[in-house]
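Participant: Given next are the chains, with one letter for each unit.
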Amino acid sequence: MLRQIEGSRAVAETVARCRPEVVCAYPISPQTHIIEAIGAMVKAGTLSPCEFINVESEFAAMSVSIGASAAGARAFTATASQGLLFMIEAVYNAAGLGLPIVMTLANRAIGAPINIWNDHSDAMAVRDSGWIQLFAETNQEAADLHVQAFRLAEELSVPVMVCMDGFILTHAVEGVDVPEQSDVDAFLPPYEPRQVLDPDDPVSIGAMVGPEAFEEVRYLAHLRHLDALERIPSLAAAFAEAFGRQSGGLVRPYRTEDAETIVVALGSVLGTIKDAVDGRRDAGERVGVVGITSFRPFPLDAVRDALSGARRVVVVEKAFSVGFGGVLSTDVAMATHDAGCSLRTVVAGLGGRAITRRSLEEMLAAASRDELDSVTFLDLDHGIIERERARMGATRRSGPSAENVLRDLGTVASWIG
Amino acid sequence: MTTQPVRFYQVGSFAVGNRLLPDDDRTVQSDQNRTNSLDSGHRACQGCGEALGARYALDAAMRATGGRLVAVNATGCLEVFSTPYPETSWRIPWLHSLFGNAPAVATGVAAAMKVKGKGDVRVVAQAGDGGTVDIGFGCLSGMFERNDDVLFICYDNQAYMNTGVQRSGATPPAARTATTEAVGPEPGNVFGQGKDLPRLAMAHDIRYVATATVADLHDLEEKVERAMQLHGARYLHILVPCPLGWGSAPNDTILVARLAKETGLFPVFEAEYGKVTAVSPIRHRTPVEDYLSIQRRYAHLFGEHSRTDIIARIQAIADQNIATYGLIDDEADSRGQKEVTA
Ligand SMILES: Cc1ncc(C[n+]2csc(CCOP(=O)(O)OP(=O)(O)O)c2C)c(N)n1
Ligand code: SF4
Ligand SMILES: [Mg+2]
Chain A
1 MLRQIEGSRA VAETVARCRP EVVCAYPISP QTHIIEAIGA MVKAGTLSPC EFINVESEFA
61 AMSVSIGASA AGARAFTATA SQGLLFMIEA VYNAAGLGLP IVMTLANRAI GAPINIWNDH
121 SDAMAVRDSG WIQLFAETNQ EAADLHVQAF RLAEELSVPV MVCMDGFILT HAVEGVDVPE
181 QSDVDAFLPP YEPRQVLDPD DPVSIGAMVG PEAFEEVRYL AHLRHLDALE RIPSLAAAFA
241 EAFGRQSGGL VRPYRTEDAE TIVVALGSVL GTIKDAVDGR RDAGERVGVV GITSFRPFPL
301 DAVRDALSGA RRVVVVEKAF SVGFGGVLST DVAMATHDAG CSLRTVVAGL GGRAITRRSL
361 EEMLAAASRD ELDSVTFLDL DHGIIERERA RMGATRRSGP SAENVLRDLG TVASWIG
Chain B
418 MTTQPVRFYQ VGSFAVGNRL LPDDDRTVQS DQNRTNSLDS GHRACQGCGE ALGARYALDA
478 AMRATGGRLV AVNATGCLEV FSTPYPETSW RIPWLHSLFG NAPAVATGVA AAMKVKGKGD
538 VRVVAQAGDG GTVDIGFGCL SGMFERNDDV LFICYDNQAY MNTGVQRSGA TPPAARTATT
598 EAVGPEPGNV FGQGKDLPRL AMAHDIRYVA TATVADLHDL EEKVERAMQL HGARYLHILV
658 PCPLGWGSAP NDTILVARLA KETGLFPVFE AEYGKVTAVS PIRHRTPVED YLSIQRRYAH
718 LFGEHSRTDI IARIQAIADQ NIATYGLIDD EADSRGQKEV TA
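Going down the list, the sequences are from chains A and B.
Residues 1 to 417 in the working numbering are what the first sequence lists, from first letter to last.
Residues 418 to 759 in the working numbering are what the second sequence lists, from first letter to last.
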């Protein structure tokens, strides 16, 4: 049943229907509404049995989840940005131990400068941690991906992070069909751990591994991700069968059939990109877009196939590697290195900067004319950059750049458009 | 008729002789059916007090829980020497995650047991002093504050031993470590720093806090048993000499631990809900020199350029402990425990 509902609320209700047994909460915007709603359900007794634990940090949130999962409980938590970085040692540890924890990441920029708005820097910071990372395009998909995430995680003994754009999705109210309890129960069997702390069958978990076996243990983790590349599409198909809608999968092409230029992106910006693609199609340009749902494992083959007809590939990214360029772009480049197409990176939407259809269309038009630089920062205010560079050149003690730039802008309230 | 009071502390070591006790009062360690939770074959140094302390504590906890126990371990010597892949010395379910998160991981295990209807399975978390007073303190304080059903055991060897004997927040004044070298006018660790974790634990008003040493097996086992009878957050701080880091003879581990207590440098006591309820009195008051001089980490205080001034400052700390905790009392009961009326 479609209901007008906030994205966070839809995710919280869906997670509750996945019957998590231990949920840790530590607040950080824009993730707060998710854990608050789950906490209320546990307190009211509508989500039971479930231990809802208010921890003292994100590091503890992930650590409690590790203990709970190793003891055989279905564990869930949610975080964003600084919180993800604060727990990063435990994030790697959960994956290394093969514990099927599910976590919502309400994607947000990383400071300094501190910024609570959306981009993908946080997800990229744990790209290599061993977690499966699925990106939701809409709130419906965010909800649905959680159901698939628990099953995927538990089948493969790999933790799964469902990434949903902070505010843009978490705080947006729109129609969502929250999966029904009976359907979720039918889709998601109870958690059967592969390894568990049990006095009746004692095992040691978390041993020290030296050079003689470390590479093998890590390779096994890699193989489980390769297994996930097979499992993600089949789970999405099973989900479609059970729930009657498409959610998840590896990649999602849109109007790519005869496209010369194909945009690649992650998350909610795909909606705006599709509108821009429609606009450029109307103007006679052959453009399309490929959304990547599974960022880790990265579906090299599926991306290669989806981009096979393109002359130009433009990767629109809400993150970048300082001193280098695109992050997603390097992965796409691996998929297309022998395909003979050009590859351009467009960094956009950092710290919540709105990615407008108009800017995207202008960018696409430039791409079609082969006038796009190899790395472009969309809507970058070059005047501001030049003035700050001049200040830095003129005097040693030029002060903090962030404050200088804000003063230069002369705005007090946040300007995201 | 003249009577002679029975003294348990008859042997030269002051250890309680098991043979004098009824079967029920004998130690878990003397029981042939003890679990050997931490079994032989591990890679600890000779005379390692931490290995001893862990086996004592966990065997006692195993008996107290009827074998329904899970242990969570922080990174450190105990973790490294017990589980060199693919071997393990643990005969109990055991989980190592990270250096600083053992209290939180244990919270998760306890929560899982509760939600799974296995509330009879109890949880012990353990760490060295570094994993407890420094890097793990945030998680530990959180676990205390929430009153999670976990017994946390700190094996205090007073430095980061696993990484090569660096100073921790539990390293005592004047002790030489690899990062508080015995050079300069104030050799070794500085005075006036460091954390007293048992008192910090008490400040959380948790159910039970106790200290113990590996020198008094009866006392240690009783405290573990008591802790396992209770629920909620509990804390046990065990002094475990480290022959490698302290520069003491491997066969002196028990002696060194006993002297730490008998000098007053390491007060042995119990507390409930933040109030001290019992202290183990000093039996033979001993000057700190006797304790310091058998450890090479204090070698710079003795010999040609002996530093009687520094030794006096350490003696003053011992004297202060004796006064604070009332460690000298002739009316201690025969078991060496003095009840404190709160
Ligand atoms: C986050 C992190 N920082 C540092 C280390 C390195 N490290 C491993 S064990 C250890 C020392 C442990 O000291 P302690 O907790 O006192 O235990 P001990 O080895 O003395 O028994 C250190 C510093 C680590 N593993 N993880
Ligand atoms: S260094 Fe110390 S604590 Fe570590 S194994 Fe050796 S004696 Fe034990
Ligand atoms: Mg130590």
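Simulated from the structure, these hints should not be mistaken for lab results.
Any given hint could turn out to be false.
[Said to hold, decoys possible] In the SDA-like style, the derived pairs of lysine to any residue whose C-alpha atoms are separated by at most 25 Å in a straight line are:
id : chain 1 : residue 1 : chain 2 : residue 2
1  : B       : K533      : A       : S359
2  : B       : K533      : A       : D198
3  : B       : K531      : A       : Q181
4  : B       : K531      : A       : E56
5  : B       : K535      : A       : R19
6  : B       : K535      : B       : T452
Participant: Out of the numbered hints, which ones does the structure contradict?
Facilitator: Violated hint: only 1; rest satisfied.
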